[in-house]
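Participant: What follows is the residue order along each chain.
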Amino acid sequence: MKKIRAFINNSNISKFRFYFQIAAFVLFVYGGYFYVTISEKLPTFACPFNKGSGGTCYLMPLQHQLHMTWSRFIGPGGIHLLKGFLVFACFGLVFSKAWCGYLCPLGTIQDWITKLRKVLHIRFSKYGETTFKGLKKIKYILLFLLIIIPLGVSNSLLWLPKFSHDIFPPFCKICPGRIVLPLFTGDTSQIYIDFSTKTAMTMTALGMIVTGIFFTGSFFKKRFFCLFCPMSALLYIFSKVAILRLNKNVAKCTRCGNCYRVCDVGIKEIADDVINKNIVKDDCMLCLKCVEACPEEGCLEVSFFNIPVFMSTETGFFKRYCLRNEIK
Amino acid sequence: MRLKDRILIAIFLLFFAEGASASENIWLSNTPPKKISKKIRHGMHGVSFIKGNDGREKKILWIRSGSFPVESQYANCTNTKNPVIFVCSPDGKLIKGNVSHGLWGHVLTFEGNMEGFYNVYLFERFVEEETLNIVVAKAEVLSHKCSNGHAGMRKKMLHRTFNEEIPFEIVRERIPGEDFHTFLSSGDDVTFKVLLKGAPLEYSKVMLSTQKRWVNNLKTDINGGAAFQLVGDYYPRFKEINKRNIHNFLVTAEYTVKKSGSYQGIPYERIHYAGTLGGSYIPSKTMYTSYLYGLILLIFVMPAVATLIYFYREHRKRPYKEYAFREKD
Ligand code: SF4
Ligand code: SF4
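Chains as they are written, first to last, in the working numbering: chain A, 77 to 404; chain B, 9 to 337.
Quick caveat, the hints were computed from the structure, so don't treat them as lab data.
Just so we're clear, the structure is a prediction, and the values are computed from it rather than from any experiment.
We treat Cβ as the ideally placed atom computed from N, Cα and C, and that holds for glycine.
Keep in mind that the hints are not guaranteed to be accurate.
Stated by the list, open to error - Examples of chain B residues lying across from chain A (beta carbon under 8 Å, computed):
id, residue
1, ALA159
2, THR264
3, VAL265
4, ALA314
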């Protein structure tokens with residue numbers, strides 16, 4: 077048992093993650109062609125606009141389930157909304173933010189773009205602390221809008237006129253996943269601007285702009301889009317109580333900052349926080365690169381059902397980092 | 009309209025419009041007559057329904073006669089007094105369908121709250137001029153609310169046929185990638201399959217007519233299929249385009265076979281099968297969307313953002329400075 081544990085702790089989890097992401101990508105982008113439908117409430121960008129999708133991203137049904145009159149909330153519509161959220165909650169409670177780091181196809185594409193940048197030897201960007209703190213709020217604003225707009229399409233909010241149906245589903249209209257993922261199956265039909273109404277034109281043009289920013293942004297900044305992703309905000313609800321956890325033994329932390337330096341998202345608290353045990357932050361994607369980079373024995377640890385499954389070790393750190401210069 | 013004209017029209021309707029002759033097509037339409045259209049609710053795909061106090065929906069289909077979607081009458085137009093109504097719910101159960109003549113006109117109604125397609129048939133059999141007429145008016149009514157989820161949607165898209173009960177019918181084949189959210193649109197290639205006792209029927213005459221009276225006649229191929237392209241029926245000025253403008257089409261199929269026998273004691277020399285299927289479509293996306301502008305915007309944004317990042321990085325570069333520390337200081 078000890079040997080297995082040592083083998084896992086000293087192994088290269090990033091390599092494992094790379095292949096795991098490819099498998100998940102195939103499943104979520106092409107699974108539909110093999111009649112695979114995992115769920116319609118997935119906490120990952122398995123976009124239903126992609127005909128080959130092996131499941132459906134929860135944000136799509138959530139917006140649809142909120143697009144109903146108030147009276148339906150206390151009827152079957154409300155029950156479906158609740159049922160949908162419970163299924164989503166189950167996914168979130170088991171794998172927490174690992175959905176983002178290991179399974180999200182849009183996240184995987186961003187990692188591939190990062191690889192391309194590395195090959196081209198172009199320097200990456202990192203946000204300053206204040207910019208980071210400001211930008212991370214965007215995902216909560218998007219989540220709020222994603223909830224409020226569908227309600228406003230079916231109901232009058234604050235006695236205002238109902239929103240135009242052309243704004244619906246609001247997040248899907250601007251989500252780069254809608255445009256990017258179908259491209260992998262040769263479908264370019266989502267690249268368009270709808271000129272039928274002003275709202276439709278604005279929303280579809282925004283979709284194009286966000287996708288353009290997505291490509292360039294992810295080229296210069298690792299996991300660029302994840303900082304703005306409302307799914308990440310929604311999943312965060314469960315990360316403090318989830319079964320999969322990232323723990324920190326604060327007594328062992330020397331605040332060397334290695335974990336912060338390797339973090340693709342740029343979470344500074346991972347190094348700075350010497351108070352909390354459960355260290356999963358709202359932007360964390362549980363990629364576990366920080367655990368790999370931590371040189372202190374047992375300082376960072378991943379547990380599943382409170383059973384440690386992967387932890388930082390001195391040997392692992394030396395094996396992974398002293399033999400190659402990874403922090404690019 | 010003057011009183012005299014009204015009386016003349018009323019006399020005309022009384023004598024000519026009350027019953028449809030065998031040569032007219034009976035079909036099921038989801039479009040309400042203009043004068044009551046505001047009272048009827050339209051759901052997805054233009055499906056009409058009324059909602060009870062308990063929130064349950066009753067789907068409505070109007071029984072009409074004629075060969076063109078717009079001109080067809082809304083009168084009491086079945087050929088026989090008691091047509092057979094056959095409604096199959098998405099879970100494969102036979103449910104009750106009612107033909108009534110009331111507030112909404114001459115309608116066929118049924119409870120339709122389950123997710124999926126309801127197969128609705130109005131079936132008649134009668135002998136006229138030594139011909140046994142078998143008339144099947146069919147409608148496929150989709151009941152779907154996204155808020156109810158999409159579980160098992162692919163399976164629910166599959167066709168169901170009822171060879172025992174319905175000897176003749178038109179089946180619209182699904183277009184590639186079709187699901188509950190797909191609207192047929194102008195420009196789509198749609199294949200209609202004609203089935204006789206469940207088997208594909210070759211050489212059946214199939215006619216598709218659109219709202220603007222565009223008509224195309226085809227004969228079914230060896231697989232019983234007749235493929236039509238839905239023509240653009242809607243050409244408003246660019247600023248007035250309504251992408252949700254629903255246009256109707258009507259498909260009729262007929263086939264005559266020489267076979268003698270008797271029905272309800274009346275002898276016949278041949279059997280004439282006639283089937284109808286109504287449908288609707290919206291304007292093609294190409295009328296109001298532009299792939300090119302989308303692509304140009306997408307391609308423009310990428311280097312624009314890259315340039316901004318470049319200048320931002322340049323701006324943040326600090327000039328090289330050398331600091332020297334002396335031990336004494
Ligand atoms: S790498 Fe480990 S020791 Fe260094 S700051 Fe992060 S948690 Fe602390
Ligand atoms: S904090 Fe650790 S696990 Fe979370 S994103 Fe950063 S490196 Fe990955």
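Participant: Looking back at the numbered hints, which does the structure fail to meet, lowest number first?
Facilitator: Numbers 2 and 3 - these are the hints that the structure violates, sorted from lowest upward.
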